[in-house]
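Undergrad: Starting from the known structure of chain A, arrange chains B and C on it as the hints suggest.
Respectively, the protein sequence lines represent chains A, B and C. If you count by my numbering, then the first sequence holds residues 1 to 227, one letter each, in order. If you count by my numbering, then the second sequence holds residues 1001 to 1227, one letter each, in order. If you count by my numbering, then the third sequence holds residues 2001 to 2266, one letter each, in order.
Read the hints as simulated data drawn from the structure, not as lab findings. Predicted model, so just to flag it, every value in this text is computed and none were measured. The reader is advised that the hints may include incorrect statements.
[Claimed, not checked] From the structure, some residues in chain B lie toward chain C, with a derived Cβ separation under 10 Å: (1) L1047; (2) V1048; (3) Y1098; (4) Q1099; (5) V1108; (6) L1112; (7) K1187; (8) G1189; (9) S1192; (10) L1193; (11) A1194; (12) F1202; (13) P1204; (14) V1209.
All residues carry an ideal CB built from backbone N, CA and C; glycine is no exception.
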Amino acid sequence: MMSDLPEDELAGNDLAGNDLAGNDRAAAQVPGIPDADSVRAIEAILLVAVEPVPADMLAQLLELPASVVRLLCSELAASYTEAGHGFELVKVAGGYRYQTHPDLSPYVERFLLDGQRARMSGAALETLAIVAYKQPISRAQVASIRGVDPDGVLRTLQARGYITEVGRDPGPGQAVLFGTTASFLEKLGLDSLADLPPLAEFVPGADVVEALEHGLRVQPGHLDAPG
Amino acid sequence: MMSDLPEDELAGNDLAGNDLAGNDRAAAQVPGIPDADSVRAIEAILLVAVEPVPADMLAQLLELPASVVRLLCSELAASYTEAGHGFELVKVAGGYRYQTHPDLSPYVERFLLDGQRARMSGAALETLAIVAYKQPISRAQVASIRGVDPDGVLRTLQARGYITEVGRDPGPGQAVLFGTTASFLEKLGLDSLADLPPLAEFVPGADVVEALEHGLRVQPGHLDAPG
Amino acid sequence: MQANGAANLVTMAFDVATPVYEGPFDLLLHLILKEQVDIYEVPLSRIVDAYLTEIEKLQQLDLDVATEFLLIASTLVELKARRLLPGRDDIDLDDELALWEERDLLLARLVECKTFKDVASVFSRFVDEADRSFPREAGSDERFAALVPDMMDGVTPKRLHSAYIRAITPKQVQRVDLFHVAPIRVSVADAVEELLDELPRVGRISFQRLTSGLVERLEVIVRFLALLELFKQGMVELEQTERFGDIEIVWNPEAQHAFAIDDYEG
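Only chain A is shown next, with the shape it has when bound in the complex (with noise of 0.2 Å):
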């Protein structure tokens, strides 16, 4: 029944008189509908988000067609605006994501002008400091050290201009190759790479991190390293 529901069902979606958000979450279940819980993962996730999150991914983490996913978010994002929040859920780039609504810009901006502190996450901050140290880096190596898809945090490094391609790998594939640019180092004040916290510094040796970075159990003639 759901599935032939179009991609997109937000404009026009006269399922907006349902209330998921309100009081009576219980009582706004339809049989063959996914309990509560279902919609309650889907503000969580996109919560966390920081690109739009695809229908296909939500459904993949849900257990539930997309179809489902896509009508409850649909609903979902009715009931915000019904409810007149200042956060809406939208469709872009083929995801879902929350962003301000349109109306509140004026605060946002005054937030964004004066009083927020720049800060940049922990994942990007973690995905520039492997670029730094391990450059060039594909895309893949990244990925494998931090355990997690890096290619919006590239993509938003790149744009910034502190990451840029330097290369391809010579490999299968060809891989395009990442390092630092010349106002990444401006901007931290070095005049080389050189000039970047030795990693000595913290750890014992090389050994030690080439054995971290492989994930294995540091051997015990480790231990004989000064700390």
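TA: Chains B and C only, in chain A's frame:
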């Protein structure tokens, strides 16, 4: 968390019964109380914030007394809880922020992939506890309590951003003094250091001290007794 | 001496020693609080050996903890040693007071350590609870891109470095601090073997001379523990003319080969 809000803001609250997230938000306005747009602005600002936003900053942006902002935030948090959303509004490390509801952590962890946080060792937690309660504190003072060189643990805690150098001992040697950071409060989910349970609660009771004391008792003639 | 009286406690000590890796005070608190053991009856040499054995067996054991244990154990051994040595009858009042002071100091440390151990377990609960919620850190969308301060603001080389260490540290590693602790290379079993080799040759030697080549306090303590074990077994005689004076060790040739070295199998 919200528990630290002044009692008088929560007690006898005229607005408690109103559902700010409901359809009748406009009707919820009371003379002298700012309009619902303030609540919506708070939602929008917190949505784009990347770290907890202090009440003072919200107050400045909204041109409202901080006490009103705190009231609005606590009501907003309560309304989210009541509506059973997948996110919640909490007060942590001196500011307000959105975070995912704890019972949805399995979904969020699956989504973030690296959502599994690194666990802290017992040694790290104990050292953190000592620094938290005794700050500013030097390495040597930590060592005298833990009975072991805490250098490695302190460096690890510093690298993770939970402690930082907060000064120098005025005495000879100018030892570095450590204190806890906002990240520490966030890590523990506390609003401020004042939320740490009083140390007195942890001092072993008379019975334990008695038992310890007994264990160490120097008993004249004890050794002469048959084993 | 309490060589035989301690026999039933040995089992107890071994039983609690194995599962306890959280720290030496855990062990001592365990022994003292749970097992109701007077530390003066706890054969510390056995506990030390048990720990050293475990250290050899388990490479992932937190050496930090092990070191701490040995430090405390050595303090206890010093206290205990004064009780075990001859000359108790003419205890100087000052010495007695010093002993009490030392004991009080140790008691204070045990109480303080127990305090922070309990705090740490509460911290652990806080962390576990807080870890279940994930903060929103996505920031604003592209509509406000021009207003967002440069993302590199506030990023220092040091922060970048810390972030790299964080990134390459395996998420489930429990003890990152392991690498900064020197290994422990002394065991009572080894010391016993050394003494069994050395003492028959020299016959008689002062404790000071016997340990003159050792730099580490711990090594001296371990050597002393080994000596106490030999004394218990009747392998040596110990003579001390004055309290806290040097100890003369005399090898007992009669006792040759009576020592059950198997007890010390590491």
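Undergrad: Enumerate the violated hints, using their earlier numbering and listing them in ascending order.
TA: Those not satisfied are hints 9, 10 and 11.
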